[in-house]
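S.K.: Those protein sequences? They're chains A and B, same order as listed.
Just so you know, we're using the working numbering here: the first sequence kicks off at 185 and counts up by one.
Just so you know, we're using the working numbering here: the second sequence kicks off at 185 and counts up by one.
Don't read these hints as lab results, they were simulated from the structure.
On a predicted model such as this, the values are computed, not experimentally measured, just so you know.
Think of the CB as a built atom: it goes at the ideal place given N, C-alpha and C, for glycine as much as any other residue.
Heads up, some of the hints might be wrong.
[To be verified] Computed far set for chain B versus chain A, every beta-carbon distance over 12 Å:
no.	residue
1	P288
2	G399
3	Q480
4	M547
5	E562
6	S572
7	R665
8	N768
9	M781
10	T956
11	A971
12	K989
13	K1019
14	L1023
[To be verified] Cut-off 30 Å, straight-line C-alpha distance, at most; resulting in silico cross-link-like pairs (BS3-like, lysine-lysine):
no.	chain 1	residue 1	chain 2	residue 2
15	B	K609	A	K605
16	A	K888	B	K609
17	B	K1028	A	K1056
18	A	K989	B	K949
19	B	K949	A	K243
2 protein chains.
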Amino acid sequence: MAKSAHKYVYNFKEGDGKNKRLLGCKGANLCEMTQMGLSVPPGFVITTEACLQYYEQGKNMPAGLMDEIKKEMAVVEKTTGKSFGDPKNPLLVSVRPGGAMPMPGIMDTVLNLGLNDETVKALATLTNNERFAYDAYRRLLQLFGQVALGIDGEFDSIMSAAKQALNTTDETKLTAADMKRISEDFKAVIQSQTKTDFPQDPYTQLEMAIKAVFGSWMGKRAADHRREFNITPDMANGTAVNICTMVFGNMGNDSCTGVAFTRNPATGENRLFGTYLTNAQGKDVVASIRTPKEIQKLRREMPKVYKELEDLRHALENHFREVQDFEFTVEKKKLYALQTRNGKMSAWARVKTCNDMVNEALMTEDEAILRVDPKQLEQLLHPAIDKSTGAKPVCKGIGGSPGAASGKVMFDVDRAEQAGKAGEKVILVRDEAKSSDIYGFFASQGILTSRGEKTSQVAVVAREMGKPYVCGCKDLVIDFRARTAKIGKQSVQEGDIITIDGANGTVYMDTVPTVESEFVGDMLTLLHWADDIATLGVMANADTPEMAQKARSYGAQGIGLCRTERMFNHPSRLPVVREMILANSPKERQAAIDKLMPLQKEDFKAIFQAMEGLPVAIRLLDRPIHEFLPTQEEVMTELSLLKEFEETINAMEELPEAMRILDPSLQKFIPGIKTTLEAIHKIREQNVDKKLIRYKEELLAKVKAVAEINPMLGHRGVRLGISYPEIYAMQIHAILEAVAELIQEDHDIKPEIMVPQVCTLQELKWVHRLVTAINDSVTKKYKVNIAFKFGTMIEVVRACMRADKLAELAEFFSFGTNDLTQATFSFSREDAENKFLPLYNENKILHDNPFEILDIHGVGRLMKMTVELGRKTKKDLKVGICGEQSGHPDAVKFCHAIGMTYVSCSPHRVPIARLAAAQAKLLEKTLKYD
Amino acid sequence: MAKSAHKYVYNFKEGDGKNKRLLGCKGANLCEMTQMGLSVPPGFVITTEACLQYYEQGKNMPAGLMDEIKKEMAVVEKTTGKSFGDPKNPLLVSVRPGGAMPMPGIMDTVLNLGLNDETVKALATLTNNERFAYDAYRRLLQLFGQVALGIDGEFDSIMSAAKQALNTTDETKLTAADMKRISEDFKAVIQSQTKTDFPQDPYTQLEMAIKAVFGSWMGKRAADHRREFNITPDMANGTAVNICTMVFGNMGNDSCTGVAFTRNPATGENRLFGTYLTNAQGKDVVASIRTPKEIQKLRREMPKVYKELEDLRHALENHFREVQDFEFTVEKKKLYALQTRNGKMSAWARVKTCNDMVNEALMTEDEAILRVDPKQLEQLLHPAIDKSTGAKPVCKGIGGSPGAASGKVMFDVDRAEQAGKAGEKVILVRDEAKSSDIYGFFASQGILTSRGEKTSQVAVVAREMGKPYVCGCKDLVIDFRARTAKIGKQSVQEGDIITIDGANGTVYMDTVPTVESEFVGDMLTLLHWADDIATLGVMANADTPEMAQKARSYGAQGIGLCRTERMFNHPSRLPVVREMILANSPKERQAAIDKLMPLQKEDFKAIFQAMEGLPVAIRLLDRPIHEFLPTQEEVMTELSLLKEFEETINAMEELPEAMRILDPSLQKFIPGIKTTLEAIHKIREQNVDKKLIRYKEELLAKVKAVAEINPMLGHRGVRLGISYPEIYAMQIHAILEAVAELIQEDHDIKPEIMVPQVCTLQELKWVHRLVTAINDSVTKKYKVNIAFKFGTMIEVVRACMRADKLAELAEFFSFGTNDLTQATFSFSREDAENKFLPLYNENKILHDNPFEILDIHGVGRLMKMTVELGRKTKKDLKVGICGEQSGHPDAVKFCHAIGMTYVSCSPHRVPIARLAAAQAKLLEKTLKYD
């Protein structure tokens, strides 16, 4: 009993392949593959619990762990007929990390464990290949040195020197003697750096390697990765360690090692995709050091093995029902599967493979919907190079991760990170990108490398992040010292702007215009499945007929927010709006308003028509008056210019006389001056300048009068509407007349009127009385019956608190989470983002910028309360959200979970929200918010 | 059955004296007195429901009402042996309004109903007093004309003319013939104004009078009164009407009419207090027309009646167990009680009578506590004339309502109202103040009249409002036309400032300094009773040792809010604070901070000592940086002055030469100019001006850098603390060292550290780490153990939403309802109060200013949720409030109801809060907030 409670080690034959939390992703899949009967080298998993215990006990191995390991080792020894540390027939093992969430290339692996000065000789004898044996040994020494002992750099220089001595860059040119010497040198490095010898005892090696793997769970790279991908302890806690019998892809030309996807992770094509290296060991393929071969070449090189690989591909897909990314090694023609995991793919590939696998009955529609990360869809909508510009690429590499991006060239990870954090757009340009550079390219728009392959770790991560990546660009030559590069025939300095297109691997000088990609058919299919499942509606925020049209083409089910202030702000309208503001009497104000009304009516008609048959919620004017006026500084500058002008004119009067005295040669300029003066005098006779000065003075007075200490909390929205009833009356009139005219023309219009900044039912009543009165008069005038909905924005905290009262009159609520976030945090958005939010994010005081990512814990809790209160009064109250955060999948899921009716987001996020809404429905039982 | 559902009329013998809502206050008490066996003229009440029905039915008498009235009239006829409209023995009645809440003098009364051209003759015969009969008739005609027919003014001129003709001002000089003629004239007025005759039918008179009374419920005066006293429909809805047999105080010199309090309403003295007029009818006494006599004179004039009055006084107090304000009439030596109600009193009298009545076992301590309106206590704390100034009064009248006030003399109600609303302090100066002037003196600081008595309606209202009132000031002579007056020997113009002291009736020229009144013993007793009952603590907001001392003397149980920014703002500190802000390096900043630290420490020590043994919550710096800097405009002005100075100096260099040429007589000024220039040059050699300009330029740059768009939502509070850790570190250091030093001196100190503007637990953790570290070092340095509490302000909505999390670390919460109100409403206080709040209040969109009166429905609901969330984590979490609204009794009750631990308010509101806290405890079962 006590034993089962402390079981830390599971043989691949017994481990539960479903329990990734305990066994890690890699370990679980090794168990799964073993139990499927695939050819997996014998081995066992040390659980994540052991790792947590290790930390719990102050970085000490949990009691009994080594005993369990030895027991399992005995089983492996029995299976393989070899023995760990046996100087005759030694068992060699690999030690590989693997947590519950894949973190490719992030943590450290040690190969060839079990070799020492004795067993290496046995290996040489057994394989009859001394070079191979010592190559394996020096690899162990290097990996062990780096991973378990923390020695860096020196191993590489020794290897380089050895190759240089032979005047080659090809490792295979090194002889057995070279490898033997290198091994000795490596041991010397270890001795000199650690003051102890390389441990000859295999179990000492094993224990140290396991500890090192445990330790790398808390290393900077792993921590960075978890933060970037939001991997929290409840998703993955601790790493498992896989101990696996070594098989060797470097046993000669009938051996190889490779990585492959069961389908193409960039395009989704249903064909084995991958690369391999003949006579090489694992890390060589993924580490971008030697350029590997396309997997299709293996069909000719080892036809039988290729056939087995194809069988493996189908077996894996049939079993895991998802595209697999797997590693294999061929040791003397025998194929081994070393690991498999769900493949990371571009959005394109993800969508296509999901569609295909549904058609192949490998997965259901629901599963397909859950498999696509809505955030990835954004890639499909991301811009691509605009080919119509005729821009010519300066060079071409391999398309590692699709999408186009422009930015300043940076050669250095740290500088790229710095510039990126400072808000600059950066393209990281490197010879090879290592996964340890990861924190550098979080901050860049895209990556360009001279080496590397589509299957490299960097490409995998870049695709997942949707970062454009061009790799293997041979015409890129970097001079790090000078901080310059040649790209094709062009020279670039650090800081120059280039554009890359990761879809086809092209590189351009300067910024190249981009276009939005078209909707791919597979995505449309997926989104239609999604719409069938989702119960949460998806609307769009749109202020113009063009945006409305676009939103509709993206599948928006209506407009959840049409802002009228943008119409006021239009340059052609602004003078009239200012007339309205500066009016000295209600009559003057009405005159200006009368000019605005037909314009607004046309605005509304066009939007209504674009959304025919779908609801359109128009928000009455929200912004404070002063936003329609110039700033105090602007008017003051204009005024002082005008006054200076007066003085200058006066001075000019004297000028001709002065010129005459000064120098007769100036005489000829005098007529010109006089003509100018006469023209000016004519204008002045009409007092144009005086009037202008008076106007500007009035303007200045008004600007000062409407100035506010905290404008975001000021005289705006319904407060302004109640103070200047003519404005709202005009807007309501324009809306209802637009509807009436369209109804007369037989259109199907679904108007909604939405009141901003409401804090009490009384305000809503006030506007409602106005709406009712105007509706009566419009109905009478046009002799049509107008069906419209009347609702309120919920963006003031008090509106949340009084939601039960507001719901007495409001037919719908729409959360304005921009303002609501501001009020909930008492953060002024601009001030916060300029002053302290970066510091807050850095210090982990706030994880996200709540103006970008909905703050579910605070604002969300308030929203939940509000929905509950509102529905208490009106059971089927329509509730939506129209803040900027609303297109984010997490926000969509939250809105579904609290029973909202719809989200309304910017048009290009509509597809994302549609998919997220379907996922929310499918996952609703697991969505828990407190 | 149908009848009981529609019963609109109750005889005094049957009405339920407890049901004031139905019968009105006056009607219910008439029933009560009748049923007690007191001598009340027979009559009945028409219910408030009848009034509501009247409005419901578009101002028509409810069906069946007149029938019920006639039925009850028959009962009264039977009791009195007289008959309504009987030309032989006519029954006369009064028609008096009276709602559930007393509105003294606000609504209209009609007397002597039932008189007409016939019955007046019968009355003359029966009383053998023709003058009396026609006096009664002309009174009916006048009152009916004014109240039921809306005729104003002319009646008074006819009376005046009649008196003038006799060369008298005394009405009693008018003969029967005069009265007869006046009656005829009055009827003619009615005919000419309404084109119909005065109705001779008594029931027509009655129905019209009842309708008029119903109508006056919605009149301007009544509406103003209800608004001013916050009388809402759930407190009083509609007026009842009392129909009561007339008794006559004007039946000769053995008759009189009077009003009295069972105890002195100004001082609380336990002695009959009131006034009467011999041979006069009701309204004469209260209307301030004839100056009435002190009630004690009646002891000699009618000893038997006086004895009966004393009995009545005791009977009323024993029954109602509260000081009564009653009306009586003596008709030919027979005493009748005409109405009674709970007496309105000055705060002094209220407190004293409550104490006395507890001692007399007429009420319990609990009842005494509930009887005093906490808001009234403010009067006791209001200033009185500072006698030490030796200011001499210019005249002396009667103290109508205690308290001292200064303001501009205004003779006109409308102008007083206008000036008052514009924010000026006004003393309304009138010959006589009518209750219809009420809206004029809402706006004034105090009232001064040449006529009138302590018992007048105006005095009653003034006392209730706590407005100083000096009446009966015979040395006041007003010339309204000229808008001047003589006060004693002094002439004053409208707009001149005077000071009045309503405690003793004195009037002073100009503003006279005032002192705060001393705590009266009775109030202390009451407050001690209150403290014994209350469970809600009362703390004070205090930033200085003086305020702390004062708060303590007012009974504060500690300091709930000590703001540290006020210490920063002190003129002597500001330069150092600016040094800190302008520092160009952390080192420079630290240097400035090091100067501030000992100063802050001394601040804290002094406050801690003042509050020895009681908790003191110190709030770390809250205000945004820019509040410690001059404004951009200020610095720009200074800079341009400095630059102009430079130019002027240069110009001065040329001056002596120019002077010499211009006029030799100017020569003598040249040495002076040169000396000045030399002095300036010396300073300039040290570059003082250049340095100053550079400093100002740096200052300007900083001012611009810290400027914020919405400073209330900006870089302040804990956000600032986290951005500039040195500042909070200094403050925490100063607090803890102050405590440590005091502990060493054996003081009992209870420090609390409070963090402002918190929105997430992470912020609190950040500060807590700082506090812990500093505490460790201080503890080590002083070798003392410091027990302190660590808590958070709750003034950001997100803090409310995360209260459960915050309570994990915070030992107490303190609601900052100023900021919280701002965030809940999204109202910037200054902007709202200047721009739209007045409009909102006027239009009833918001009833109150939420920055003055806690918004229980919105902010309150949020607070309730917060307390619940916080207590979920920490069952006994200490929760308080320190916003400005917290001293208001309604806020105190609310805080008690939601289970808060304490309120913290400004020192002078502490007694109010103590009393309110006790009331809240006593009423807790009735306090319902949703």
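S.K.: Which hint numbers does the structure go against, in order from smallest to largest?
M.R.: 12, 13, 14, 15, 18
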